Amino acid sequence: MSVDVKTVKRVARLARIAVSEEDAERMTGELNAILGFVEQLNEVDVSGVEPMTSVTPMDMKKRRDVVTDGNKAADIVANAPATEENFFLVPKVVE
Amino acid sequence: MSDLTQLTISQARTKLRGKEITATEITEAYLAAIDRANPALNAYVAVTGDKARDMAKASDAKLAKGEGGALEGIPLGIKDLFGTEGVHTQACSHVLDGFKPRYESTVTTNLWADGAVMLGKLNMDEFAMGSSNETSYYGPVINPWRRSRLDTVVMPTTHQGDGGFVSAGGTRTARSLDNAQLVPGGSSGGSATAVSAFLCAGATATDTGGSIRQPAAFTGTVGIKPTYGRCSRWGIVAFASSLDQAGPIARDVRDAAILLKSMASVDPKDTTSVDRPVPDYEAAIGKPIKGMKVGIPKEYRVDGMPEEIEALWQKGIAWLKDAGAEIVDISLPHTKYALPAYYIVAPAEASSNLARYDGVRYGLRVPGKDIVDMYEKTRAAGFGREVKRRIMIGTYVLSAGYYDAYYLQAQKVRNLIKRDFENVFAAGVDVILTPATPSAAFGIADEDMAADPVKMYLNDIFTVTVNMAGLPGIAVPAGLDGKGLPLGLQLIGRPFDEETLFQTAAVIEQASGTFQPEKWW
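Chains as they are written, first to last, in UniProt numbering: chain A, 1 to 95; chain B, 1 to 521.
Be careful, since some hints might not be right.
Claimed, not checked - Derived DEER-like restraints, expressed as beta-carbon distance ranges:
id: 1; chain 1: B; residue 1: V328; chain 2: A; residue 2: R63; range: 42 to 52 Å
id: 2; chain 1: A; residue 1: D69; chain 2: B; residue 2: A400; range: 33 to 43 Å
id: 3; chain 1: B; residue 1: G86; chain 2: A; residue 2: A82; range: 17 to 27 Å
id: 4; chain 1: B; residue 1: S352; chain 2: A; residue 2: T56; range: 13 to 23 Å
id: 5; chain 1: A; residue 1: L14; chain 2: B; residue 2: V328; range: 14 to 24 Å
id: 6; chain 1: B; residue 1: R102; chain 2: A; residue 2: S20; range: 31 to 41 Å
id: 7; chain 1: A; residue 1: A82; chain 2: B; residue 2: A64; range: 40 to 50 Å
id: 8; chain 1: B; residue 1: G98; chain 2: A; residue 2: D69; range: 50 to 60 Å
id: 9; chain 1: A; residue 1: E95; chain 2: B; residue 2: Y402; range: 34 to 44 Å
id: 10; chain 1: B; residue 1: R102; chain 2: A; residue 2: E50; range: 35 to 45 Å
What the hints assert, rightly or not - On the chain B side, residues computed to face chain A include the following (Cβ under 10 Å):
id: 11; residue: H94
id: 12; residue: D97
id: 13; residue: Y138
id: 14; residue: G229
id: 15; residue: R385
id: 16; residue: I393
id: 17; residue: A469
id: 18; residue: W520
Hints in this document: simulated from the structure, not taken from any laboratory. Just so we're clear, the structure is a prediction, and the values are computed from it rather than from any experiment. Glycine residues also receive a C-beta, built at the ideal position from the N, C-alpha and C atoms.
Chain B extracted, bound-state conformation (with noise of 0.2 Å):
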């Protein structure tokens, strides 16, 4: 293979340590691919090249001895929410301005402590609060992939197309590419994007609400949001704590797998990090489904949702039937629930992190004629709209008078979505596919959710319920709508059996393919 940034990770894996390739080559193609491709794309905000390098070189000298950890020379880019020491690191805020830790988050220690090399850091939302990568103090990221028509060409000759179907004599169809710019999704648009457009072997990213599984189905990727508690919170920028969990962005469903592997573990820094062993992701990977037990609820057939979505689903039913699961209805009666609660519970946990940025202690600083008003000059030149919105709902509904009324009541509300999976489980479930979200990509600058906060809240409807019951989810690839954009399927599973996700998504990969974006940029 001449272009190395094609090969998967278990692919790179393999000729890496059969020294085919070296890291060295492998990161140069990268950064090379980086340097032609983000100025149309936007999806790093601070490429590491030099460190790059290093960490390659570094690596190539272990692998030459026969030695190396599990990503060993596997090139990565990193979401900007992770604290990365003395390298840019501002959750793509302008409040965090200029900051460059003096530590290392623990998701990103244990990946280079296994071998990856850091290519950069990536686009997201800003604070991870969007569902576009409209939010970004950088600027938006820009989907590789774009909608598309198929026409039928007639070809008077054999003739070798670029891109099209060649056919003796006759027609040939062919896929033009319309030129709008779509969204990635959010909040980790730019890692989906890097990861779809062939910019990094696999990304980093969080989810609070979505924000790992919405981009990855909007650009034909894998992304899993593991259990809360699985991946250590500790030295990443902080949203909404009890809601806030890291996993990977990959290719497929193998590499998604082989990075949760290395990104989780057990830390004493982190309060909430679940004391269980690491199991191995890769393993369950293969496994037969026969005798699976996979619910199918019946809250997530939403009004208005595109026919084709609909279909996708019955697809990944057909798939999984087909494969031995047993497929059964089941009902999840709080799910309409979950957003309206998660919009009192992350803001609110948001406007209590976010308190911290006050223009003391890092990041910007405007000055003012006192102390208050530099904060509050502070705040209001660093945050973003979409981030003080946020702020304002939760310092509301957590004000005198309201907390009861709005907080308490969606904090009562959370138990009964999560006691309603409780149930299904109980009832000897093993795990639900659902879509992962209620469309395709969207346009940049969609003038109704520019209008009406609440629409671009609604791409999470799907997903948010898995972020507030502490659930681990998956998102995987399972088709193309009628516009030639990728669709995906949600896999949500039992606390800490990420295990049953990989097997199961790796059933419905096996059965849909995966999919790339045709080069544009």
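For reference, chain A alone in the conformation it holds in the complex (with noise of 0.2 Å):
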């Protein structure tokens, strides 16, 4: 499979990055050459194999459903660009 920019812009989009039609284009080439080095995936027989979920047989922790931690607005929202009274400030998203 391999992308053309369309596509690219289109995955762009989602992953919320602005690229220009020369970035679009640069873009198309790399990730055609990656996709193409990934293609040798499907040579591999896969049949009755499991999708890997964790590569280290365990049991997932489990702790009591209780606060242990908390009452850290400020250190939360020390390292934003923008805050007020502890909240994160962002543009308008609601006219």
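Could you fit the two chains together into a complex? Lean on the hints.
Following this line, the structure appears as structure tokens:
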């Protein structure tokens, strides 16, 4: 399978990365080189093989459903580009 | 010894405990060395001099009372991927511009609890994506090793040369260094260069497809990627969560064992942290390997591999045989599919993990006409080319209609790769010996690799299988090539059997010796 410029632009939109016409064209070539390389996986017989879900066999750790941490609003917003009273500020989303 | 930076961790530990030297002295020696070398090598992206001095002072107070942890007063460099409270943590990306976390990663918390001193944050490929440390927002790291030529120089009289071998009147051979700058490998290139060039006693690193072992091999240092689940991933910037593991880069096998003992822990904050006590890895060093079964996988003999790598491999086999190990030929039939499967699984996980960099909660924000425009502009400006490439691949293979063909297929192949290893271990093989990399360090801005991303990816061909199977792997220097560059061998072990890796790597190190670059910086 290979991608065209239109698909690259659609994927860039899904990934929320702005691309110029030039970027999209360059990326098309690069992505096709990588997709060409991974193509060989199709020759592997995987009948009866489960997809891997965990590389180390282990049970999911569980803990009591109680609050163990918190009251760190100031820490949480400390690195944000724009905040007000411990809220993240973003451009207007709802008109 | 006049230069304290030359001490290994185990030597420094003895001298610190014996009060022959102080933590402040050794810390000042490293800070001075960084000051001199960093403009040339670019290993550190942030130096935390004041913090280092404070930590050293605290260590000295403990050492004076005969107290202190396993790493008391030992100065370390920390890869920029580890969250360090109040200190530069950007995964060497522009998108995390100005980020200083309000928390400390579990691995570094463990190191400070054992008394280690932080010198600063080390350069790396952006988000650990790269094999040459050229994708960093902070520019490439330079390998302290350079190619050299052996020249025969006629010596009319006996002369005390600088660096050459003295001969009485005849000829002498001298290595002359080439000026071409080489990469230190990646993604932990800053860690490898800093350890190799004596800019820290040891360093933390991370390995998703070979990012500890490949740079270790390129710089003549020792690097171990432990079993998935051995070191907590909590507080480490995530790249591909099912593959990422932290580990140390060190000057010798013993130092790597000392560092891993402190880095590893059982951590309730990481659900993939495995509930097993951390053994004393150092105790494995020096144990005989007589009767140990060493597997040699035929699939690691790849087309176009330089003869010197094959020769090095044979030398390694001979050393282990001489030490009493039994050498057996093995087959890992799905080896060649590990790299293509990796280039689906890792970008898929990366595209998901890196979705969080949106200009809202931390780092860079580029204003836009609405929120989506802001996201898109922020991510376009914040991520470098390689990172964008991988996010795009990951987004594509996870998108509707392609998920089964790419992602599910790759995860099935991954199970087959793991099964290959399980089969040979079940057949009684204790450890597997392979080359660490398909070549020695290459030049900065290599044109072939810049033109074709897949060429760069092939650097990880021998290391990536280990991440796909979650196994431990160690790279240990084993010799120099004809141009005087270090080459490494890799040992792969059973899950959680890092001890066998240290035990066997120590035998290789004993036979090969350790390697230091000639200082030009």
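We went through each hint and held it up to the structure:
| no. | hint | in the structure |
| --- | --- | --- |
| 1 | B:V328 / A:R63: 42 to 52 Å | 45 Å, holds |
| 2 | A:D69 / B:A400: 33 to 43 Å | 36 Å, holds |
| 3 | B:G86 / A:A82: 17 to 27 Å | 21 Å, holds |
| 4 | B:S352 / A:T56: 13 to 23 Å | 20 Å, holds |
| 5 | A:L14 / B:V328: 14 to 24 Å | 49 Å, violated |
| 6 | B:R102 / A:S20: 31 to 41 Å | 36 Å, holds |
| 7 | A:A82 / B:A64: 40 to 50 Å | 48 Å, holds |
| 8 | B:G98 / A:D69: 50 to 60 Å | 25 Å, violated |
| 9 | A:E95 / B:Y402: 34 to 44 Å | 35 Å, holds |
| 10 | B:R102 / A:E50: 35 to 45 Å | 41 Å, holds |
| 11 | H94 | 13 Å, violated |
| 12 | D97 | 9 Å, holds |
| 13 | Y138 | 19 Å, violated |
| 14 | G229 | 5 Å, holds |
| 15 | R385 | 9 Å, holds |
| 16 | I393 | 6 Å, holds |
| 17 | A469 | 7 Å, holds |
| 18 | W520 | 35 Å, violated |
Hint compliance for this structure: hints 5, 8, 11, 13 and 18 are broken, all remaining hints hold.
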